[in-house]
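Please work from the sequences and hints to get the whole structure.
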Amino acid sequence: MLNDGTDSIESIAQRGTLFVCHDCDALQRVPAVEPGHDALCVRCGSRLFRNPVGGIDKPLAYIFASMIMFVIANTNPVMSISILGLVQNASISDAALAFIHAGSPELAAIVWLPSVFFPGLTIVGLFYVLASIRFDLNWPGTRTLLVWLSRLLPWGMLDVFLLGILVSLVKLAALADIALGIGFYAFLVLIFLYAASIASLETHTLWEHLGGDYERQFEAENAG
Amino acid sequence: MQASVGNAMEQGIAGCHTCGLAVRMQADGETECPRCGSEVHYRKHNSISRAWAFLISAFVMYIPANTEPMMRTTAFGNTEGDTIISGVVYFLSHGEWYLAVVIFAASVMLPLLKIIAIGYLLISIQRGETVRRHQRTDLYKLAEILGKWSMLDIFVVALMAALIQMGNLTSIHPGPACIAFALVVILTMFAEMALDPKLIWDRKE
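Quick note, the sequences are listed as chains X and U, same order.
Residue numbers for the first sequence follow our numbering, so the first one is 1 and each next one is one higher.
Residue numbers for the second sequence follow our numbering, so the first one is 1001 and each next one is one higher.
If you're looking for bench data, these hints aren't it; they were derived computationally from the structure.
Among these hints, one or two may not hold up.
[To be verified] In silico EDC-like cross-links for lysine to aspartate or glutamate, where the CA-CA straight-line distance does not exceed 20 Å: (1) X:K58 x X:E34; (2) U:K1141 x X:E34; (3) U:K1204 x U:E1129; (4) U:K1141 x X:D94; (5) X:K58 x X:E202; (6) U:K1141 x X:D177; (7) X:K171 x U:E1096; (8) X:K171 x U:E1080; (9) X:K171 x U:E1129; (10) X:K171 x X:D94.
What follows is the structure, given as structure tokens:
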């Protein structure tokens, strides 16, 4: 049977679940949350969790589209310039390669990891986890992967890189003729798809699907 | 909703840092989250001293990041170094003030504000302050979101270097400030991750 992405939250939330606020440690019982609404900490106001409309289907669709756009954005030139008849193309990874040519492999890594490797790993990893949960496939390592993805997330910097592209566009426009490549448009679409998948995704929901019984177990053990 | 809420730690319960599950803690402190397998603890270990160590290192790196050249441009045999500030001044004098604002905000203001914010949070925790807890929690979350934008100029230099490769005519190379900037971003991210925002709420009023 397929998970529709909402059963777990509804069954648990009928009584309210014990929650510890991630930001202030307030212990509280959280009642049911309607789809499209957030549960906020009663003390500090931080978001405890969301119940996004669309369950798991929506982020899975966005992340699948992100995967395609990621490949296109990384295999096509982002922009090209021509100075005195010489044309030079650059893809996203070329930015890091330029630092290798300049003799700074450590800087190349600092550029390549947050602009290509971490986002790519996050996108593929999330697809694996979401597909595994959505279609009840129980693929190996789903839990471990989700643990590592939540630690990896802050190190992906696609949005900062996009601003970097825009700033260098303006800088170079003063020096040479610039043409935007397919990679640029794909990258632009990728940013929106990636942001949409993160925004429609709630790790709390994923963890409930992976081990929904623990919260009820905890309730039973601590009922007295 | 409860009229008053207490800390989970007082009830012997901790929230798993990774998956958020409320976990009953073992008496000896060594507890594994039954759902995701991560180690669960009430507060991050040595939060204050680790955060200070990262923060002070970040501040030390902030100095060469701003005084050393970010980018070296070689044109017709002449090499010129550009610091962040000289880039900002260049754009201001050429009327592109919006670029100047973006670069100044991301490269000069943001890292400094993040260092000051985390330093203030650490001092307020160590002094056991009980006021403005909401604002301090919000400040922590703001520092969490904004820090990565300081990577902007490194990406710009990389893209410029990738595009301007005209052999002996013109070329762009990264300066020593690049690695310093990257370290400021990484170290302030480590400092913010080491700092446990729950400490803000620990002292009773």
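Evaluation of the provided hints:
Between K58 (chain X) and E34 (chain X), the direct Cα distance comes to roughly 17 Å. Compliance with the 20 Å bound is thereby established for this hinted pair. With a C-alpha separation of about 25 Å, the suggested pairing of K1141 (chain U) with E34 (chain X) is violated against the 20 Å cut-off. For the given pair, K1204 (chain U) sits about 9 Å from E1129 (chain U) by alpha-carbon distance, which is consistent with the 20 Å threshold. This hinted pair does not check out: K1141 (chain U) and D94 (chain X) have alpha carbons roughly 33 Å apart, beyond 20 Å.
Proximity of K58 (chain X) to E202 (chain X) is assessed by CA-CA distance (about 11 Å); at most 20 Å being required, the pair is judged to hold. Among the hinted pairs, K1141 (chain U) with D177 (chain X) is inconsistent with the structure: their alpha-carbon atoms are about 41 Å apart, more than 20 Å. Of the supplied pair hints, the one linking K171 (chain X) and E1096 (chain U) holds, its CA atoms being roughly 10 Å apart against a limit of 20 Å. Distance restraint check for K171 (chain X) and E1080 (chain U): the Cα-Cα separation of roughly 16 Å lies within the 20 Å cut-off, and the hinted pair is therefore satisfied.
Distance check on the hinted pair: K171 (chain X) and E1129 (chain U) sit about 47 Å apart at the alpha-carbon level, beyond 20 Å; violated. The straight-line distance between the Cα atoms of K171 (chain X) and D94 (chain X) is roughly 18 Å, inside the 20 Å bound, and the hint therefore holds.
The structure fails hints 2, 4, 6, 9 (numbered hints given earlier, in ascending order).
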